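A.B. asks: For this one, chain A is given, so just place chains B, C, D and E on it according to the hints.
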Amino acid sequence: MSGPSPGSTKQVNTEPPMPEAKEQKKSYSPTKLIVKRFFANKLAVAGVFMFLLVVIFSFSAPLFVEHDPAQTNPLNTYAEPSADHWLGTNSSGQDNFARLVYGGQISLQVGVFIMLIVSVIGVVLGSISGYFGGWIDSIIMRVTDLFLIFPFLLLVLTVVTILQNVNVAILVITLGLIVWPNITRILRGTYLTLREREFIYSARAAGATDLRIIMKHMIPNAIGPIIVNATIIMAQMIILESALSFIGFGIPAPTPSWGAMLNEARSLNILTGMPWAWMPPGIMIVITVLSINFIGDGLRDAFDPKSSRK
Amino acid sequence: MTMSQPVKEPNEKKEILRVQNLKKYFPIKGGVLKRTVGHVKAVDDVSLHIFEGETLGIVGESGSGKSTLGRMMMRLLDPTEGQITFNGVDISTIRQSKIRPLRKDMQMIFQDPYASLNPRMSVGEIIEEPMLIQKTGSSKERQENVISLLERVGLQQEARYKYPHEFSGGQRQRIGIARALSTRPKVIIGDEPVSALDVSVQSQVLNLMEDLQNDFQLTYLFIAHDLSVVKHISDRVAVMYLGRLAEVAPKDDLYANPLHPYTQALISAVPTTDIDEKRERIILQGDLPSPANPPSGCPFHTRCPEAHERCTLERPEMTKMGEEHYVACHLYTQS
Amino acid sequence: MNLKKWWSFLLALTFSVLLLAACNGGDDETGTDPEEPADDNGEEPADDENGDDDGDDDTAGEASEGGNVNIAFFSPPEHQFNPIYYTSTYDANVMDFIFEALFRTDDELLLQPHLAESYELNDDQTEMTITLNEGITWHDGEAFTADDVVFTYEMISHPEYTGVRGTYADKLVGYEDFRAGESEEFEGVVAEDDQTVIFRWEESSVTPEFNASFPIIPEHIFGAVEPGEIESHESSIATGEVVGTGPFMLGDFVEGDQYVLNANEDYWNGAPNLDTVTLQVRDQAVITGLLESGDVDMVIQPDGIVPSDVASVEQMDNVTLYQPQDLGYQYMGFKIGYRPSEDVEAGVIDTDNFIENEKLSDVRVRQAIVHALDREAMVGGEDGEGGLLQGSGQVLHAPFPEASWAFDENADIGLEYDTDRAMELLAEAGYEDTNGDGFVEDPNGEEYVLTLAYPTGNEPRENAAIVIEQQLAEVGINVNVDTPREFPAHSEIVENDDQSIDMYLMGWGLASGDPDPGGIFTSHVPYNYTRWVDETSDEMIQRGLSAPDAFEQEYREEVYSEWAEYVSEQVPYAFLWSMINNWAATDRVGGITEDPVTMLKDPHLWYVQE
Amino acid sequence: MADDVLLEVNQLKTYFYMGGNVAKAVDGVDFTIKKGKTLAIVGESGSGKSMTSLSIMQLVPGPTGKIVDGAVKLSGKDLLKLSDKQMEKVRGNEIGMVFQEPMTSLNPVFTVGTQIKEPLMKHRGLSKSQAFQKGVELLKLVGFPRAEDTMKEFPHQLSGGMRQRVMIAIAMSCDPKLLIADEPTTALDVTIQAQILDLMKKVQKEFDSSILLITHDLGVVAEMADDIIVMYGGQVVEQATRRQLLKTPKHPYTVGCWKVCLA
Amino acid sequence: MAKYILRRLLIFIPMLFIVTIVVFTLATLAPGDPLTGQQLDPTIDPAALEERREALGLNDPPPVQYINWLSEVATGNLGDSLYFSGRTVQDLIWSRLPNTVYLAVFSLFITLVIGLPLGIYAARKQYTAADYFVTTFGFFGLAVPNFFFALLAVYFFSFQLGWFPAQGTQSSASISGLAEFLDRLHHLILPGLTLGLASVAIYMRYIRSEMLDVLSSDFVRTARAKGMTKGTVVYKHTLRNATIPIITLLGFEFGTLVSGAVVTEAVFNFPGIGQLFLTGIQNRDFPLIMGINLLIGVTILVGNLLADIMYAVVDPRIRYD
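Protein chains in written order, with our numbering: chain A, 1 to 310; chain B, 311 to 645; chain C, 646 to 1255; chain D, 1256 to 1518; chain E, 1519 to 1839.
Here are the simulated distance ranges between beta carbons: (1) 193/A / 398/B: 32 to 40 angstroms; (2) 567/B / 1499/D: 33 to 41 angstroms; (3) 398/B / 211/A: 28 to 36 angstroms; (4) 1073/C / 75/A: 26 to 34 angstroms; (5) 64/A / 1180/C: 55 to 63 angstroms.
One-sided excerpt, in silico: chain D residues whose CB lies under 10 angstroms from chain E: (6) 1312; (7) 1354; (8) 1356; (9) 1360; (10) 1365; (11) 1373; (12) 1374; (13) 1377; (14) 1412; (15) 1426; (16) 1428.
Some but not every residue of chain E turned toward chain C, in silico, with C-beta under 10 angstroms: (17) 1564; (18) 1573; (19) 1599; (20) 1603; (21) 1606; (22) 1617; (23) 1686; (24) 1689; (25) 1789; (26) 1794.
Since the hints were made in silico from the structure, they are not lab data. All of these numbers come straight from a predicted model, not from anything done at the bench. Quick reminder that beta carbons are idealized off the backbone N, C-alpha and C, glycines included.
Next comes chain A alone, as it looks inside the complex (with noise of 0.2 angstroms):
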């Protein structure tokens, strides 16, 4: 027999050309069947688990963090681990534990309200773009490809730079706003074809408005590709967000972030000897990039059992 090998941790999604299935005896809404198949999908799980760590441990940080983030204590400057200061402290003295802790919330909040910006912009424009066609749609296209044209970061750069001094609401803003282009084209595209399937014509041979049709009809069935897309989007900026940090253009001090943090060992000398300041906030962003695509990676299974493990 050659099922899955011993120990694999994937569901076997492909579908054979069968008999209808016979297995489904029950009643299941779409939604309900998603689910299913995304808590069958163990990686997928895993990435939830991991994530809901990483959400608590930084949501619940003011249950068990004595020190202020923000606190600084320039008479005990790069502490090594204490019982005090768990992960020492950074070059202002402030607690790197009570950083970690809350640059999650710090982090997890770019990410979220990234995407959740990203996810209107884009659903609303690539319905229009991908449902009406014709100028609007030329239109929004063309400044897609405006956006397309130049390199994403140095875009970012360029606008943070005009912003100068940036907060976090004003990065995620402008994140968002600069972020939109690539999911509106994918919704887009989306939307093109599902413009195209029979159920839409036979909403509008009722009178359906075209309110109504992009409503109910369209963006309950694209909604897959909105949050598979909104997951990569949320992975993404919080990568992005450290990654600015690192080069000096992201959420400025006293605001702790794991890029932020990560911007500290830029110096051989903490690298090699203080692996508690930077290792951690680190192992945090691969831990939640890498449940969040997890969690992608299933969700895009569940919405989409033919297209399993991409």
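C.D. replies: Same frame as chain A, but now just chains B, C, D and E:
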């Protein structure tokens, strides 16, 4: 809005839908500036009428424009030229918002039972949707209507809580029919409603459609790609080839006495299970030409066994050859 | 099939390339040796590590010959290798090897003749006659003459000149007319003969040597160039074309990466021992690693070793740290006044129009703020532990760091860290917490919030902003810290008197050596960013430069002590710290001259010892 | 085994393993094909007819699908016992195959010539030019008058009917004993279907080969088949000659089908 | 094809024009200018700075500055850099571009030579340990920020193992010929790997899923039914088809590489376009920023055009006219 045309003939039958010189050209873009360099003539000058209560079958191969014609009649596509008259009202140019109320009277059943139902809506929602849009009845009445429709098309009323993926192709097509019926339309356009179904299921669906026609006094426009299905259900049959009508005739007349060489070839391709009958199959040579670049004159002349010089030059007009029997072929016209 | 083979070929290729590369790396280390002429050996220069004795010049010839020294700094130069146009200190590092001036500072920051052999001043110090050293040639062999000096000063005064070095010439006789293009002759600098040049000033010059210390550029090269074209002329930017009188010549460079300087065998002060010096641009993150591995021999100004790495560099056996005090300092400026926006628009500075910032106009408040700052803690311990600076700095009370001759340890009133005193002063001034929110209200009972702006780019300074906020909160002052801006943006809002800013962090880099504070603290000068208007101070500053008393350094020392005391009491700035430079060199390099402002003095004396 | 039997399938079982479920796509199928004759397998979608043909070719999509039992004897040799390498020599050589979708069954990036030459060079050991010549002959046989030009064309330049002709030419290139045609006309237009069926008859006569025809269309069956089996749910539910089945269908499924076709 | 290219260019030029306006507006909106240096030197007379501003045209209204810039561009001159005094923008770009090109080509090479074979291998061995290893590696490749990877790489490969240099483009400016080539290559390895890391992961996953898709396609079944060996099926029939979508990815790769280069070049002090851009941004060097943006815009266009042309070469179904 143009005045409705007076119904002339035959007197006992009332025309419910009429199309005149209907055309649909899709532009082909090309060149450096993406200008329109040509057209795909999907439907090219088609005139038809449908009587109330009858079933008109439209038969054609891929690229013949039959689906485009059906969608234009529903105004899902805007005609390039020509008129569509429904119940005496010209609906070919009126605005989309004005069409909406008309949707109540015209509904459509689609080919692909898997693609024509929104997978994210429950069956109840799907059937209810047209009523909701047309604002017919209260919520309770609509629910009752959904139940009765489900029962009418042979499904259990519990089906309304289920989702399309839980049904087989035939059952889905029944759901599609129930949806089409929900606003009590006068005309239903079926765009290859059984082509994607297994043969055994096809007959069930066709039977259902026939029963419903009687019950609801429906008029059918039934689009199909071969004659065997149409033969079962139609009163009259129109044969399309490359965007044009080749022949229109009452069913029996057409099968017994096909005039157009293309019709003859189509009929010969209908399989027979009578193995003793030795029939000469007409095998047409060559492929269907592209509708973007249709042959001159009679579009069929490239494959026609009877083609002569005139066919390449001159486009044959529809000629009346009998009671409701029209053909567009130079074999039957005087030069 | 074919494709399969193709892939395996590609794979094999990659691995061999990687392997080759790795091998090449191995060769590299030894590979540099053959390039060097076999040292005849480093016995003689052996113990001569502190080549700071001037008398060593003669023995330098006996030091081991040849070799290369790698010097690292953090940022690439701008590639403007013409002294009259450069602006970046990184370019200055390159040019230090190439160009020379008539005077240069000695290890006590006093100017001594360099290209000049000797000089004479008239009594009121309006005229200086300089005799040049004989036998100096440019890199291309042309003789260095007084005409070159005249030409250089004419160029920085020329109507077409767009650079920013005019300050060296603008007090010379006839500058205005020449600058305006109304005169062809520049009376201020005249060549008597090839070896003699005369500078003439409109008024007595207190700092004549300084004014005559601008690096000299060759007339025979740039004389033929339209003055407006000099900046982009190849002799200002291209390899092999830059001509100076210094010990090294600009050789090949890889832009933004490394710059090779070749020995000038005809250097007037003696041929360099080394064949080449390579200036390398290296990321600060890895610089200590490079130092330890010997890939880099010296880490020099302006950045040096970052404070947090100093401790680990000290641990390295092969490295010597050079830690002179820097003349620059960091401070927190109090916006005592603002220019009205019309004046900002018009670019006018009129002290009469300044708008007072009531939040900071009371000197007691400013003093309280200084008392509330634990600057000792910010700087950190002497042992290199703790603090924002890891001990690489000194607390400052007046704008004269210890390295300056104007420094007088008894001069300032020294507002030490004393939170009680701070609160006392605040209370005296009427600032008390009336609503119990932990922060003081102003004398009118209104909420009292000070906004602090600070720039990115200097880690200890960035960190200080938050420390300041928290330390001021301790005494009840509510500080609103703006998110940091990039330096250009920050300096713009400070310069243009953005009225939402009460305090700002900034630093001054003072390389010139002369301690005259006039350019920064005089009430009407543009650099008086705090808009501090104080006649007493202005008068003292003026006194420090007034002829003829000011010709004597002792007199000036006295005046500046007095002024330092006054400033430390009036606190237009909360002076934070002056930096200690952390420069380093491996023991491979010998003959380094210790100097408070540069590692690059007399590089022709450097040699390599294995 | 009788001499005139070309292919004998015994108790063929092909199952799919998905998660914990087993789907019995082919569940104990028996049939034989005689030399020079046509056997049609008829059934609804999902009846296992296509899986049966893929099982014969051992092209069941893995790794979930697996032939679990049975024997497939081609001229007495059990194909299921052959190694992968040996089986490669059977495919395209002793058994040719034509699929349903002419639009996707040809590789879009290679010319018709390349694709037709491949089996000739592999199984017949022809040189490139020989294979080209043979390819041209084959294309002419299946109705391409300008066969040399067609060899250089890409599949997308051909219509569906023409592609199906190319597929037939490829399948017949090595003169196989058996041609498996899996719904060869389903995706084609009515008039083109007739052409292809006609061509298949012609080719069968020319090469004297047997045909295993898989279809759901009883019209096609009536036209082509000598013997017929009807499959349902992975099993053979009726087996008969053409005359028997058409005149006196027994299984309810067959009866139901007839009603539509004969309507 | 020529028509298609022409049309693309016709669309592109006005877009480039709009982009320059946008970038210019953005750049002039940014506070500060190149003359507000990083460290203030009080010996410089502020009046002199003001004069220099005037001379450089920084005091002109932005529209005038833009027109001036544009008219220079029209004559093939990208303008004079403000920060790098005395240098033209094109001169600066030409001096840095080769380094970024080497870096990009090398990282692309790594991507293709490591990413594609691994992806293909994983697809062939689906559901095996090797497949899981490759997939997991892919996940990690996407999850590790590249600067983090860069720091680790420098630490291990340069300082611990001493295999590769940590900084710069070559060990000596004075070597030439083959030695120079090898030396440069040696310096390229760590930054190239860093830059290529995410791409390797992306391409690997992409080609893997494409291969799986194509492997289950009808024509692959046809090829197997013809008796083709597994090798022929995988490397001839499948790979060529699976490569097609990769080409689109490659078209956009230029942009991705330049973005990545900003960070990579910073860590490895690799003087390329990314670093130059960062310098330009930090010092408000508008002509430089605009010049680089223009260059990259053109590069991306050319990249996309090349991708389209390659598309047509690889996939005979696509014909542009």
